[in-house]
Amino acid sequence: MRSFVPDYELVVAARLNDALDMLAEGWRPIAGGTDLMVLFNAGKLPYRKLVSIRRVKELSSIEESETEISIGAAVTYTHIRQHPVLRQEFPLLCSAASWTGSIANQNRGTLGGNIINASPAADSSPVLLVYDAELELISLRGTRRIPYCDFHLGYKKMQIRDDELLRSIHLPRKTENRRSYIRKVGPRQAQAISKVCFAATARLRGSAIDEVRIAAGSVAPVPLRCHATESVLRGQSISPDLIETAANAIAAEVQPITDIRSTRDYRRAVTANLLKQFLQTLA
Amino acid sequence: MYSKSMEPRIVGTAVPRKEAAAKVTGTAQYVDDVSLPGMLHGVTVRSGHPRALIRHIHFGDGIPWHEFTIVTARDIPGRNIVTLIFDDQPFLADGEINHPEEPVLLLAHENKDMVRRARQHVFIDYDPLPAIFDIDEALQAKTIIWGEDNVFKRYCIEKGDVDAVWSQADFIVEGEYSTEAQEQLYIEPQGMLATWDPETGITVRGSMQCPFYVQKALMPLFNLPAEKVRVIQQETGGAFGGKEEYPSMIAGHAALLAWKSGRPVKMIYDREEDMAATTKRHPSRTRHRTAVSRDGRLLAMDIEFIIDGGAYATLSSVVLSRGTIHAAGPYRCDNIRVRSTAVATNTPPHGAFRGFGAPQSLFAIERHMNKVARTLGLTPEEFRRRNFLRQGDSTATGQLIKQPLDLARLQQRALQLAGYADKLERFSRLNREGTRKKGIGFSTFMHGAGFTGSGERHLQSVVHLEARADGTVCVLSSMTEMGQGTNTILAQIAAEALGTSYEQVQVLRPDTAQVPNSGPTVASRTAMVIGRLVQSAALSLKEKLLQAALLQPGYTPEQFQSACREYICSIGPLKTSAQYEEPPGVHWDDEKYRGEAYGAFSWAVHVAEVTVDTVTGEIQLDDFVALQEVGRVLNPVLARGQIEGGVAQAIGYALYEKVVWRDGGMANNQMTNYIMPTAMDLPPIRVYFEEIPYEHGAMGAKGIGELPMDGPAPAILNAVENALGISFCHIPLLPEDVLSELSVAREAALDLAGSVV
Numbered sequence: 001m002r003s004f005v006p007d008y009e010l011v012v013a014a015r016l017n018d019a020l021d022m023l024a025e026g027w028r029p030i031a032g033g034t035d036l037m038v039l040f041n042a043g044k045l046p047y048r049k050l051v052s053i054r055r056v057k058e059l060s061s062i063e064e065s066e067t068e069i070s071i072g073a074a075v076t077y078t079h080i081r082q083h084p085v086l087r088q089e090f091p092l093l094c095s096a097a098s099w100t101g102s103i104a105n106q107n108r109g110t111l112g113g114n115i116i117n118a119s120p121a122a123d124s125s126p127v128l129l130v131y132d133a134e135l136e137l138i139s140l141r142g143t144r145r146i147p148y149c150d151f152h153l154g155y156k157k158m159q160i161r162d163d164e165l166l167r168s169i170h171l172p173r174k175t176e177n178r179r180s181y182i183r184k185v186g187p188r189q190a191q192a193i194s195k196v197c198f199a200a201t202a203r204l205r206g207s208a209i210d211e212v213r214i215a216a217g218s219v220a221p222v223p224l225r226c227h228a229t230e231s232v233l234r235g236q237s238i239s240p241d242l243i244e245t246a247a248n249a250i251a252a253e254v255q256p257i258t259d260i261r262s263t264r265d266y267r268r269a270v271t272a273n274l275l276k277q278f279l280q281t282l283a
Numbered sequence: 001m002y003s004k005s006m007e008p009r010i011v012g013t014a015v016p017r018k019e020a021a022a023k024v025t026g027t028a029q030y031v032d033d034v035s036l037p038g039m040l041h042g043v044t045v046r047s048g049h050p051r052a053l054i055r056h057i058h059f060g061d062g063i064p065w066h067e068f069t070i071v072t073a074r075d076i077p078g079r080n081i082v083t084l085i086f087d088d089q090p091f092l093a094d095g096e097i098n099h100p101e102e103p104v105l106l107l108a109h110e111n112k113d114m115v116r117r118a119r120q121h122v123f124i125d126y127d128p129l130p131a132i133f134d135i136d137e138a139l140q141a142k143t144i145i146w147g148e149d150n151v152f153k154r155y156c157i158e159k160g161d162v163d164a165v166w167s168q169a170d171f172i173v174e175g176e177y178s179t180e181a182q183e184q185l186y187i188e189p190q191g192m193l194a195t196w197d198p199e200t201g202i203t204v205r206g207s208m209q210c211p212f213y214v215q216k217a218l219m220p221l222f223n224l225p226a227e228k229v230r231v232i233q234q235e236t237g238g239a240f241g242g243k244e245e246y247p248s249m250i251a252g253h254a255a256l257l258a259w260k261s262g263r264p265v266k267m268i269y270d271r272e273e274d275m276a277a278t279t280k281r282h283p284s285r286t287r288h289r290t291a292v293s294r295d296g297r298l299l300a301m302d303i304e305f306i307i308d309g310g311a312y313a314t315l316s317s318v319v320l321s322r323g324t325i326h327a328a329g330p331y332r333c334d335n336i337r338v339r340s341t342a343v344a345t346n347t348p349p350h351g352a353f354r355g356f357g358a359p360q361s362l363f364a365i366e367r368h369m370n371k372v373a374r375t376l377g378l379t380p381e382e383f384r385r386r387n388f389l390r391q392g393d394s395t396a397t398g399q400l401i402k403q404p405l406d407l408a409r410l411q412q413r414a415l416q417l418a419g420y421a422d423k424l425e426r427f428s429r430l431n432r433e434g435t436r437k438k439g440i441g442f443s444t445f446m447h448g449a450g451f452t453g454s455g456e457r458h459l460q461s462v463v464h465l466e467a468r469a470d471g472t473v474c475v476l477s478s479m480t481e482m483g484q485g486t487n488t489i490l491a492q493i494a495a496e497a498l499g500t501s502y503e504q505v506q507v508l509r510p511d512t513a514q515v516p517n518s519g520p521t522v523a524s525r526t527a528m529v530i531g532r533l534v535q536s537a538a539l540s541l542k543e544k545l546l547q548a549a550l551l552q553p554g555y556t557p558e559q560f561q562s563a564c565r566e567y568i569c570s571i572g573p574l575k576t577s578a579q580y581e582e583p584p585g586v587h588w589d590d591e592k593y594r595g596e597a598y599g600a601f602s603w604a605v606h607v608a609e610v611t612v613d614t615v616t617g618e619i620q621l622d623d624f625v626a627l628q629e630v631g632r633v634l635n636p637v638l639a640r641g642q643i644e645g646g647v648a649q650a651i652g653y654a655l656y657e658k659v660v661w662r663d664g665g666m667a668n669n670q671m672t673n674y675i676m677p678t679a680m681d682l683p684p685i686r687v688y689f690e691e692i693p694y695e696h697g698a699m700g701a702k703g704i705g706e707l708p709m710d711g712p713a714p715a716i717l718n719a720v721e722n723a724l725g726i727s728f729c730h731i732p733l734l735p736e737d738v739l740s741e742l743s744v745a746r747e748a749a750l751d752l753a754g755s756v757v
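Line order of the protein sequences matches chains A and B. Position 146, counted from 1, in the first sequence is what the numbering used here calls 146; the numbers after and before it change by one each time, with no gaps. Position 127, counted from 1, in the second sequence is what the numbering used here calls 127; the numbers after and before it change by one each time, with no gaps.
I should point out that these hints are in silico values taken from the structure, not numbers from a laboratory. Take the hints with a grain of salt, since some may be wrong.
[Claimed, not checked] Covered stretches of chain A (chain B as the covering partner; in silico rule of three or more C-beta atoms under 8 Å from a C-beta of chain B):
1) 4-12
2) 75-82
3) 244-258
[Claimed, not checked] Here are the simulated lysine-lysine pairs, DSSO-like style, with alpha carbons at most 27 Å apart:
4) Lys49/A / Lys156/A
5) Lys49/A / Lys157/A
6) Lys44/A / Lys112/B
7) Lys159/B / Lys49/A
8) Lys592/B / Lys159/B
9) Lys216/B / Lys228/B
Ideal Cβ positions, reconstructed from N, Cα and C, are used throughout, including at glycine.
Model the full structure from these sequences, guided by the hints.
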């Protein structure tokens with residue numbers, strides 16, 4: 001552990017308003033800590049005043065309405081994995097949760113934390129993009145809702161003010177009749193950071209693709225919704241030519257980099273291959 | 001001596017491990033569990049440059065430096081050299097640095113957090129010098145960083161006359177193979193606790209494999225005689241060779257801080273420091289040129305083997321030696337030449353790691369044998385079968401194989417256990433369609449047990465046995481328990497030979513003030529060489545009791561205990577010892593590198609089954625068969641554990657573990673980014689033994705620990721070749737490499753199709 005412990009302050013908030021008060025005073029939120037404590041251990045955690053939101057009840061439940069499922073920002077991966085409605089209607093999210101970190105990480109790590117940590121490699125992000133998730137942000141000044149696809153502005157840059165807290169993630173319940181696909185490609189079968197994570201859904205009308213959503217992680221500075229590739233596919237019937245065209249489109253749309261985990265060429269090639277694999281399941 | 005007529009009671013059975021209860025209940029004392037009154041915490045300030053001259057060291061503001069103990073090279077009372085083989089590596093850089101993790105300065109303070117913070121406020125100015133980072137740059141010798149030519153050591157083995165053969169060969173097959181560094185990743189990082197007393201001298205305790213290496217390194221550092229340097233092993237959480245030479249460094253550092261402060265000083269590396277600064281497996285490059293006849297006989301093997309030793313010589317010469325001797329594999333050939341070189345680069349020194357050079361050179365030969373077989377149009381198993389060493393043949397160094405050896409049978413059995421023939425046929429059918437391609441491959445190999453050549457003769461290892469007044473017997477040796485089961489097997493051997501019970505034998509934890517020097521715990525020598533000494537000392541102890549007429553043949557363990565008690569009461573201390581004696585007919589020529597390289601070889605065949613996903617390039621292992629002949633198996637559970645662990649570690653070596661280097665330093669020194677396989681990545685590892693007792697080993701045992709590290713990598717790459725038809729010659733083989741070669745292959749196929757049209 002390379003941080004100097006006396007440099008840090010940690011307060012556990014009991015209620016949502018207490019947490020918001022502290023954020024307004026410049027404190028930063030910590031939930032499961034599965035990302036922040038890694039930085040802390042490495043001596044690289046820049047925030048010195050932390051308010052824990054793990055015990056805040058309003059943030060820890062999953063609620064169902066007729067039109068949407070709302071997941072509190074501090075809901076853990078384990079909770080998500082075990083939730084019957086999510087398993088039924090949003091299976092990709094449960095799969096992504098089951099691939100995130102270790103079981104111990106899943107017991108502590110939260111969906112909100114995964115979003116706010118803003119890693120381009122986050123496993124849940126592509127899923128939230130294809131499910132058209134909306135984020136609800138809250139501060140002392142009130143709440144606002146924004147589409148998740150507009151949330152990430154650049155590498156670790158988000159549409160959220162310092163005094164705002166991610167309150168919940170809303171998933172519209174319109175996944176019926178959609179075919180879905182998800183795959184994580186990491187360096188090993190467990191406890192792995194994705195080299196590419198890929199999620200897609202589609203609805204067919206006859207043989208034509210009526211509706212399609214494609215997203216990938218670890219291939220751009222932000223979790224990427226692949227609009228250009230979607231537009232190549234929309235309204236078309238699956239054919240070998242279309243699959244090849246779409247694969248070329250996504251290879252052009254992603255902007256991966258070479259780092260210590262993988263290479264640009266590999267990430268690009270794998271994303272195209274995963275798209276092909278997805279489209280072949282539709283044929 | 002063990003004979004078949006003697007029915008063993010304890011050897012060959014799965015008795016519980018001696019230290020198991022302490023480990024699972026948490027009472028085992030690792031070095032970081034030990035605290036002494038007034039103890040300080042020490043840290044190391046490292047260079048951060050691959051090669052430079054130190055211009056100036058200054059201390060930043062805001063740190064109460066007067067509270068710290070600070071040690072630089074100028075404080076050292078004796079010789080600033082880590083004594084090992086060559087005298088080249090300093091404990092602390094003195095003016096010049098040669099790799100980015102080189103220790104420059106030591107700090108100690110009562111507060112662990114304070115000392116870590118202070119480390120970030122020591123600033124060192126450098127004049128950078130040109131640095132080199134790989135084998136090619138070292139050999140080009142445009143920049144000289146070590147000696148006259150960047151070469152630590154060269155060997156040449158010559159058998160017959162290779163050059164006379166080329167013109168008569170039906171085929172000459174060439175190949176180049178390379179391997180990268182690998183981190184040992186023992187669970188417990190390195191750590192030491194040192195105390196200094198003007199009367200008694202230096203005492204260090206910590207995590208280590210070789211207490212007498214540490215003692216030998218500390219004596220000149222402080223100009224102290226052996227009796228004033230005491231080294232005590234604490235419980236050690238894994239080592240794999242990584243705690244063979246490096247503990248001398250960290251022990252020296254802790255001892256220097258203790259000597260200067262007059263207080264106990266503990267130094268414990270965290271994982272990041274341990275991964276970055278301590279030794280790793282040597283990267284290697286091997287070139288083969290092989291002459292064969294049309295009927296598949298090996299006529300000549302010309303092998304060039306080069307390893308990258310990093311900035312200082314450490315154990316490179318001996319790693320090179322073992323790699324050189326194993327380079328021709330388990331094959332008979334009248335004409336063999338192996339030329340080998342260990343070179344210097346500006347990375348932290350590479351060092352000992354399970355297998356010690358053999359995994360590198362055996363990877364090359366076992367990939368190359370498949371290439372030669374393919375050239376000849378023979379199956380890999382048939383080509384090997386025609387060329388296996390047999391009893392009466394001689395190895396590359398001219399060592400006569402005296403023991404019974406039937407590798408063809410071993411190969412056949414392993415392939416049968418794996419269902420090889422059926423799978424080959426089935427996979428070739430399945431692979432015609434789909435994106436998941438299956439393959440099966442194997443390797444055949446050996447590992448020499450004990451020190452190379454005259455090594456064991458020079459070591460003159462000694463073991464003591466001592467009976468206690470309560471009738472128990474204690475084994476005293478410098479062999480360290482580090483998770484592999486030393487204490488258990490030595491107690492088994494002693495109990496068996498004495499005719500007492502396993503529970504009545506204790507194994508003392510090594511402390512240089514109490515145990516004799518039985519050499520280092522390395523080189524798969526403990527069971528075979530030291531076990532044998534324990535057996536001899538036990539037989540002498542038993543003989544004393546028989547001669548004193550305190551025991552009659554056919555005695556029970558209880559009678560043995562009371563005989564010990566009576567002997568100690570009426571006659572006096574009951575102690576015996578045994579010293580290593582070379583088995584007859586062993587000759588080794590260090591100059592020509594010819595003769596009996598090892599007391600015995602263990603032999604093995606590994607078979608790997610893989611699925612390659614052509615969508616992602618990922619390789620999944622589906623099945624693994626490990627069949628080996630290691631002499632007598634002393635403890636079946638521990639033996640299987642050694643094989644399973646070694647295979648798992650070698651799977652990491654082959655497919656996952658890649659050190660990312662940046663300016664000579666490890667850039668991915670975290671377990672998140674240096675990828676070792678998890679249980680989810682491992683196949684069922686099916687372990688089988690053939691037991692042919694070795695007459696000079698303990699109760700018939702040969703070495704086992706390193707053997708399983710040698711075979712998996714080539715077996716897996718042979719399986720990948722079977723799956724894809726692509727020959728990979730480099731490890732680790734990552735999905736990135738596979739996908740890139742697949743696209744090259746696909747383009748080539750398209751070009752071919754295009755040209756046909």
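Results for each hint:
1. 4-12: holds (count 3)
2. 75-82: violated (count 0)
3. 244-258: This one is violated; 0 residues, fewer than the three required, reach chain B with a Cβ under 8 Å.
4. Lys49/A / Lys156/A: It holds: about 20 Å lies between the C-alpha atoms, which stays within 27 Å.
5. Lys49/A / Lys157/A: holds (20 Å)
6. Lys44/A / Lys112/B: holds (18 Å)
7. Lys159/B / Lys49/A: Not satisfied, since the Cα-Cα distance of roughly 71 Å exceeds 27 Å.
8. Lys592/B / Lys159/B: Roughly 10 Å between the alpha carbons, so the hint for Lys592/B and Lys159/B holds.
9. Lys216/B / Lys228/B: Answer holds: Lys216/B to Lys228/B is near 11 Å, not above 27 Å.
When the structure is compared with the earlier hints, violations turn up for hints 2, 3, 7 and for no others.
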